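Construct all of the structure, not just a fragment, from the sequences and the given hints.
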Amino acid sequence: MSTGAKKRILREYAECQNDPLPGVKINFDEQNMTKWEILMDGPDQSVYAGGHYKLEINFPNEYPFKPPVVSFKTKIYHPNVSNDDKGSMCLGLLRPEEWKPPNKVISVLHLIRNLLIEPNPDDAIELSIANDYKTNRAEFDKTAKDWVKRYAK
Amino acid sequence: MTASRIDIFTVRFPDPSSPSFNDDQRWITLPTNVSFRYPITDNIQTLSSKNAGYDASGILYVPELRSDECKKSEEAYVPANATRSRNLPSSNPGIPLIALAPWFSPTCMKEYLESVRKDSVRVLFVFQPGTDRAMPPPMADASWGLGDGGAWKSANDFPTYAINAASGSVILAQMTLYSGNLSEVPHGKDLSSALDSTDYVRLWARVETDAVNRLPSLWVFLIIVLAILMTIIAATSLTMHCVQRRRREELRRRVINGEINLEAVGVKRLTVPREFLEKLPSYTYSAPAHDSENTMPQLPPSVLLASSTGPDSQPTAGARPWMRSSSAPSLSRADGQSPAFSQPSCPICLDDFESNETQVRELPCRHIFHPDCIDPYLLNNSSLCPICKESVMPSGYCPTRITNVMVRRERMLRRAGNRRPSGPASSLGPLSSPIHLGLLGSRIGGVISGRRVFSAPDHRRARSDEEMAISNAAPLSTDAAPGTATSSGATPLSARSDPGCGEIDHEERRERARERALTLLGNRHVPSGDEDEEASGPWWRRGLRKVFPGFR
Chain A
1 MSTGAKKRIL
11 REYAECQNDP
21 LPGVKINFDE
31 QNMTKWEILM
41 DGPDQSVYAG
51 GHYKLEINFP
61 NEYPFKPPVV
71 SFKTKIYHPN
81 VSNDDKGSMC
91 LGLLRPEEWK
101 PPNKVISVLH
111 LIRNLLIEPN
121 PDDAIELSIA
131 NDYKTNRAEF
141 DKTAKDWVKR
151 YAK
Chain B
1 MTASRIDIFT
11 VRFPDPSSPS
21 FNDDQRWITL
31 PTNVSFRYPI
41 TDNIQTLSSK
51 NAGYDASGIL
61 YVPELRSDEC
71 KKSEEAYVPA
81 NATRSRNLPS
91 SNPGIPLIAL
101 APWFSPTCMK
111 EYLESVRKDS
121 VRVLFVFQPG
131 TDRAMPPPMA
141 DASWGLGDGG
151 AWKSANDFPT
161 YAINAASGSV
171 ILAQMTLYSG
181 NLSEVPHGKD
191 LSSALDSTDY
201 VRLWARVETD
211 AVNRLPSLWV
221 FLIIVLAILM
231 TIIAATSLTM
241 HCVQRRRREE
251 LRRRVINGEI
261 NLEAVGVKRL
271 TVPREFLEKL
281 PSYTYSAPAH
291 DSENTMPQLP
301 PSVLLASSTG
311 PDSQPTAGAR
321 PWMRSSSAPS
331 LSRADGQSPA
341 FSQPSCPICL
351 DDFESNETQV
361 RELPCRHIFH
371 PDCIDPYLLN
381 NSSLCPICKE
391 SVMPSGYCPT
401 RITNVMVRRE
411 RMLRRAGNRR
421 PSGPASSLGP
431 LSSPIHLGLL
441 GSRIGGVISG
451 RRVFSAPDHR
461 RARSDEEMAI
471 SNAAPLSTDA
481 APGTATSSGA
491 TPLSARSDPG
501 CGEIDHEERR
511 ERARERALTL
521 LGNRHVPSGD
531 EDEEASGPWW
541 RRGLRKVFPG
551 FR
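Chains as they are written, first to last, in full-length UniProt numbering: chain A, 1 to 153; chain B, 1 to 552.
There may be inaccurate statements among the hints.
Ranges of calculated distance between the beta carbons of each label pair, as one might list FRET restraints [to be verified]:
#1 Glu278/B - Gly50/A: 57 to 65 Å
#2 Arg542/B - Asp29/A: 43 to 51 Å
#3 Tyr151/A - His241/B: 55 to 63 Å
#4 Arg11/A - Leu379/B: 21 to 29 Å
#5 Lys279/B - Tyr151/A: 29 to 37 Å
#6 Ser395/B - Leu10/A: 34 to 42 Å
#7 Gly50/A - Arg542/B: 31 to 39 Å
#8 Tyr283/B - Ser2/A: 18 to 26 Å
#9 Ser395/B - Lys66/A: 21 to 29 Å
#10 Arg542/B - Thr135/A: 48 to 56 Å
#11 Lys279/B - Leu10/A: 30 to 38 Å
Incomplete in silico selection of chain B near chain A, CB under 8 Å [stated by the list, open to error]:
#12 Phe104
#13 Ser105
#14 Cys373
#15 Ile387
Hints are computed from structural coordinates only; laboratory data are not their basis. Source: prediction; values computed, not measured. For glycine and all other residues, C-beta sits at the position ideal for the given N, C-alpha and C.
Structure representation (structure tokens):
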């Protein structure tokens, strides 16, 4: 990874610290700055309220020309997060062909937070969950809350 | 090769030595009522099939014996007047001959054979004397031995057929009748009125060989099959080569005409050669002041100020100081050149440009970067502007040899593009593959940060400028119409219309989800080395690709 990219990551970290998102904490390791550990609380107005989610943001070597890779380490019942051990998330500006160097980690964090508040079933990675969300909202809310209790406490 | 049928006819032919000899009148078969006919359709044993590949015919005669003992014993089997070579025209050695000999003793048979070889007959008929009407003994039978282990058969250059004793005697008896001159043969009186007195009338034999056995042997058959296969393969290969070549030329033409950019559609990753890069303008950044001397038109400072602190700034806009509201007053340059974007910082390292100090590189799309940031990327990674994905290369630049892999990929993408559900992007046509996803992505992106999202379907160019607000409303280029994209960054979410997206059926959504999963795994990146791909795989696969280009 080039020094330019490292400089940029440091800079972005500083920016995130200066302008912190509510309920978002970043564990930053100077030695391994390409891997950020994020602790995100479920937003109060969402079904994930009360949950504490551990995420990982990995910066590829080609950053900022390639998007960072976001994965949920805590299981979550969400149409846009893959329901496997990867917990990967790939939509919007995280998509490689959509990513542009000016995009920043802070906007990625915004994206994640907003998706917790309002999932996007039209661009889902888990189709069954998306279907649940669209057609049987009560059931979705119940399961999501259940998962919060089971995995995200 | 066996004989299936022997026919005995009576023919007349002119004496070759007579003054009225006419070659056209040879071998005329006499009418049935005044002649002898005798067909033998069964009980023919083939003793030797040497040179028996064709139907043979000729005048029947009995060969001469050499030794007196044999001549003496022959008298018991051959009537005295049977046709001999002396009863045939001597002056013409070209007469086709078929010999008939009784097989009464091996010694005399050898003498017969010597004689017929000298006469160069076409066929030899033999029969074992007696009254037998049955099939003569088979070839391997001891009675056909001459004490030489069958060597007599290969020493002959004609086939030998055995007929039964009854047929042999009948023919011999008739041969005695047809050996004299015209007036002596049966019906001679009737015939002599119509024929020349010097004409010969003799018995004629024709042998028909079995057609079934004349098929080529197994090997010949195999070779023919192989040859047909090879021809088919060669023809297919040639056709595929031609088709592939046409496709390559077609793709090349489209690239040169600027209809398609290989990297933009995801066919081939291109990089910018150093000499091209050095031609791109590089200059010292100057603060956004209207300066006609500067190649980089800028917004008035007031606009800059307004945009960074203005009321239209979104929560995230604070973190993006370069983001401009497109409600900024439009600028028009005196020379008519379209104004560039205003960028106070490098989008790659996020450092601010220092006015009159920082060296910047400007790409043809008018985005500016630190040369240190952008040059390695363009040299090694891509030829597209990282922000707007517009090619740095001039339109129509065809950098590499178009390969079959590229043709295949382009066709695949085009097909995938045509298959896509109708939606905002379908009107983009063949180019829609990555762009379509782009639109979807921007839709999501819009949810989060409230960034401007284009709802008009035809913003091929405008799509690229989500991050970089356009500094004025004028079209970026003459053919695109980003003027319709001047909605502010605060476009309400509800204003976005996504016709079709909500109606995509389950199947298609599943397909999209799969593609997305692939994207996630990083499989959708623009491939860099297709030459490697061409040369990869097991040897048979490489060979197959060589012979049948376009085959997968």
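ask   = Hint by hint, which ones does the structure fall short of?
value = 5, 7, 12 and 13
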